[in-house]
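There are 2 protein chains.
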Amino acid sequence: MTHLQTRKEGDEGISNVEFCTRSDETRRNRRLQSFVDCYGVEKPSLSTFEQTKRYTKKKCSSVTFECCINILLKRIPLFRCLKTYNLRKDLFGDIIAGITVAIMHIPQGMAYGTLTTLPPVYGLYVSFFPVIIYMIFGTSPHLSLGTFAIISLMTAQAIDSVSFEPSNIVTQNGTIANLTGSSSVDIKLHAATTLALLVGLIQLSLSFLRLGFLTVYLTEPFISGFTTGAATHVFTSQIPSAFGIRSPRGINGAFKLPRIYVKLIQSIFSHINWISTAIAAVSIVTLYIAKYLNDRYKSKIRIVLPLELVLIVIGTTVSHFLQLHSKYAVAVVGQIKRGLPAPSLPSFDHTDKLLVPAITIAAVSLSISISMAKMLSRKHTYKVSSNQELLAYGMANTVSSFFQCYPSAGSLSRSAVQEGSGGRTLLVGGFSSLVLGCVLVALTPLFQSLPMACLAAIIIVNLKGLFLQLKDFMLYFRISKLECILWTITFVTVVLFDVDIGLYVGLSTSFFINTVRTQRPRFFVLGQVDNTGIYKSTTNFPSVQQYPGIKILRFDESLYACNAPFFKRKFYELIGMETTEEPIVSCRRPETFDTKTDVLLKYIILECSPFNYIDTVGAKLLIQIFNDLKKRGIQLYLTECRYEVRHTLDIMKFYEKTELHTIYVTTHDAVMTAVAALNQIPTTNN
Amino acid sequence: MTHLQTRKEGDEGISNVEFCTRSDETRRNRRLQSFVDCYGVEKPSLSTFEQTKRYTKKKCSSVTFECCINILLKRIPLFRCLKTYNLRKDLFGDIIAGITVAIMHIPQGMAYGTLTTLPPVYGLYVSFFPVIIYMIFGTSPHLSLGTFAIISLMTAQAIDSVSFEPSNIVTQNGTIANLTGSSSVDIKLHAATTLALLVGLIQLSLSFLRLGFLTVYLTEPFISGFTTGAATHVFTSQIPSAFGIRSPRGINGAFKLPRIYVKLIQSIFSHINWISTAIAAVSIVTLYIAKYLNDRYKSKIRIVLPLELVLIVIGTTVSHFLQLHSKYAVAVVGQIKRGLPAPSLPSFDHTDKLLVPAITIAAVSLSISISMAKMLSRKHTYKVSSNQELLAYGMANTVSSFFQCYPSAGSLSRSAVQEGSGGRTLLVGGFSSLVLGCVLVALTPLFQSLPMACLAAIIIVNLKGLFLQLKDFMLYFRISKLECILWTITFVTVVLFDVDIGLYVGLSTSFFINTVRTQRPRFFVLGQVDNTGIYKSTTNFPSVQQYPGIKILRFDESLYACNAPFFKRKFYELIGMETTEEPIVSCRRPETFDTKTDVLLKYIILECSPFNYIDTVGAKLLIQIFNDLKKRGIQLYLTECRYEVRHTLDIMKFYEKTELHTIYVTTHDAVMTAVAALNQIPTTNN
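Chains as they are written, first to last, in full-length UniProt numbering: chain A, 1 to 686; chain B, 1 to 686.
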């Protein structure tokens, strides 16, 4: 008792003397079971079936006709938009934004259309139909659906694998060269629309299953690494168009990109078209400078100049009057179909082969679109629901697959413009589609002489934003090593292998990292701060006091299978019971540490506040440690166990296998109990 | 002030009156910054490079010649075993156990040898060489390395894929039927030894990189589901031998097993060999009954009967004298090479094709072996080091690959016998190998007439233990739903697809589950228990008291990217600021809840004790919420933040973006500060 009384009295802490002199009954009250008996409620232990029944009953009873109508209308946000539409405030901004975005859609649609290896007009269809559908079902007035570089590239890979099948090649008069003909386009188009339908159906089913929450696993470092990696593929795909050479085909497998570059460089040396190269170079430089100037003086001129459209107009005019295609063999866009496509059922020929690419494209498109929508919603403080967005993307892809569209996604650059040019409601999409419809019906033949090099230039300049994400590496490197590793692994896998492999490896890595993070948590010895009820680690707070014969430990992570071996090893190490094997050859090892075993360890208190859950392995380990310590004459107390943890311990029969009074409400209670018990055996106390 | 004074005085808690009358200085001390200034230490912020340098320096300074020798000797546990060997106590048990296990090795080696589609003698080699190597490097005296059903099956699949290559088939006189000849065995043998070498090298490199800790990810439910699933494949592979039919080949892809069964049943109807079937049936039934009786009366007879060896002897004798092979076309073992194989370098022909199977086999073999070694070590309380075990398996596979061995692993049945028959030290392996060496040198020709059906019977009966693991499903179903899901997914994938796909899907699932577990944690409103400093959830402890104007919350999981959206939604829901959209059609929804907003919410206290870490997304969210609440005139306090969390908040400039005094040491401090502040504004208090 002397030892305790000499310690100075804390300001707010419970006085030790006071506590120790209290009756046993009070102290026992702080043992968890008594505490729960006194203050807690026993949860009614309903079976899962019973719970479901009650839930259904409750839900069903509150269903009225109006509610149903409301739920239905809630799925079509356009109604709310129309209901609250303010003609005076919203209309002007919406029209301006709609026209501006439509002007961006034209060059981008054609450029990304060629990226899919289909004729450019199909890109324009994708700029038209999904936008209308998104207007009806979408929630973000700023997100611009339509063509997107990475999705277009993935579509190209998917339809390539189908159209290059032996069975298809054989039907084309036996020669592969003939595949550039119109029937090859048909095969590709069928594959592309099937792909869009599959992507749409996958997204719709995700929405109906209310699995929108799954998008939280697509974390920022993952998406950043993934899109940056994919940008390199998009860039590579534009090199042939820029240099006027043929794109290498049939290169797959590991280290695809380096091998493609070898082929590309060979091709450039032998078949370069200098005129194409010059057009591309001039276009890129002018576009880049113009964009830079536009960004810089945006605040002064207050409008977004349609630079890309200007480039296209100039490029087409020059190409047409200098007859670049016929005289200098510069690749041009060529004949473009006029008018809107008639609705037709997508084919189901290659569903089996297209399913896996469709899953990948669905995942990529929704992850990019939703993360963009959420970013915009944070800026403008409106609510974006993952499930509703999934429904919108799903409907957009499904419906537009009947109109010869390939898969669509939200585009970062267009969304930024849609937001910046003053779009306020979902109707922006309607105005944009109106303009595009006019272009499709009347103006497409004008683009016939447009050089492909111009389109390549537009894509390459637009990649700038994605490549700027390389800076994220440095950001994550500084902030969090694990997030940096995730970024790097995703990026490297996408670059060295392929977009789809990168997606799956990146996702697995992100789950793995969540596991790894719990592997080597800190395991502290705690001590009392002055005379209060606060216990802090001896490492961070060296002035804390430890009681002789008592060790207070805290393991800063939930205890479960994956870190249980580490817990066990470290636990015994911290209480000085490491089972060190003696050296085989005698060795003069310098003894640097001095074992303070002047007082026998009698009590170990494990603060369980960091345990958010505990699994069967963890519970078994605690029982095992409890019994092992008991054999050595040491009592283990657990403190501050959460409900979840107590529940698992209960299922694992922890209370039957150990003593009932092992769990205390707070660490301080357990310490005070231990101190009181130690004082009854004066020999152990100094 | 009146409100607080009416509350009844707690037994041990800090009295509110007392607290509020205390000077401001005391209270401020409990703000975290002052607390850290007063008691804590600033960690020296060393760069990673500096830390590594110091660590290396420290390590290097303590290296002496004796230490090096000790480390080297530590890697060869046989030395320690020999040093402490007690001839009188250990020798007899070791010899008996060695002979018993060797007697088990003979039938199992031959049976599993045929399972790899190689001649049975190669199984005997695997029962011989790896055992010797494990004796030198292993740590468990009870683990019996050698042939193992699942590894043998996976070896069969790997070498099948190589030996069935067109290039190999063409060299065999153009006919596939010729492949059963000796040159086909050569190709398979080359592939098998290459595989063993690769597996060994992979395991060795894991050991050198000290990656033994990775085995913790192979959790119990995963291993149980995996091995049970693999057992169905092993069972299926034995049906042809049992019925005397040819095994179906070249079936791969999804739903492999059902398709194999269709083929098998067709084969059985057309080509069944009734004598084989009878032999198999009789063998299985006798063996099963004999094993059952042996298990039951083990305690009385106190020896393990070599039932399988007896079966083999009887089978061989009957087959030889009735001339079953020549007269009834019963498949028999046939010519067996006599003597030990001469060492030869494994070929490196198909390294590229065998690498992926080798990784899978390495992972499966080490996971099964280590989990078995750990199970045995728990029973006999000796220490098994993962890295040392990896070294032992790696050396065993690498060295024995030079002696025509295929990959080995620990066997559950033999290990149980090795333990049960009294083996005490690593020398058991030596005695077992001695017996097997004699058999290989002298007795192999005797097994020539052994029917394959007998070997199939031995394998099938030995699968009993693995199939009994089906009960684990019920166990996990009762204890933990997530572990049950992991078991089921692993089992189903292995059964429906294949062993390797199941391995990867199961592993991914287990990581995914670790992530999912943190997705929807409980989010509690806390209240004060009587008048103490203890705060408990209002759900589990309904008698707790809440202060008007103050809300105390606790989110029972670390806050990071994957659960940040859930946190945000739930947080605003709990403080009653849910952004509910009004219905589009007016609807008579029954207002069931009554919003108690008679007192304005002024303080929100978030107890951060469950946050074991927080990532950038989580930190950003906290800053965002802090600023959002400030706009609404609400103050957010964080309490009980761990060092890790404070560190991340610091990096994310939390203190610069919020006010300095946001973090309190304990929840009680924050509550008392808030109460005191509220009392200074009497209007908000009733």
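These are computed hints drawn from the structure, not numbers from a lab.
Be aware that one or more of the hints could be misleading.
Treat identical chains as interchangeable: a pair holds within one or across any two.
[As the list claims (entries may be wrong)] Here are the simulated lysine to any residue pairs, SDA-like style, with alpha carbons at most 25 Å apart:
{"hint": "1", "residue 1": "481", "residue 2": "470"}
{"hint": "2", "residue 1": "568", "residue 2": "523"}
{"hint": "3", "residue 1": "353", "residue 2": "621"}
{"hint": "4", "residue 1": "481", "residue 2": "508"}
{"hint": "5", "residue 1": "570", "residue 2": "613"}
{"hint": "6", "residue 1": "298", "residue 2": "260"}
{"hint": "7", "residue 1": "568", "residue 2": "666"}
{"hint": "8", "residue 1": "653", "residue 2": "478"}
{"hint": "9", "residue 1": "481", "residue 2": "317"}
{"hint": "10", "residue 1": "263", "residue 2": "475"}
{"hint": "11", "residue 1": "631", "residue 2": "376"}
{"hint": "12", "residue 1": "383", "residue 2": "543"}
| said: Checking each numbered hint in turn, tell me which of them this model violates, lowest number first. | reply: Numbers 3, 6, 9, 10 and 12, in rising order.
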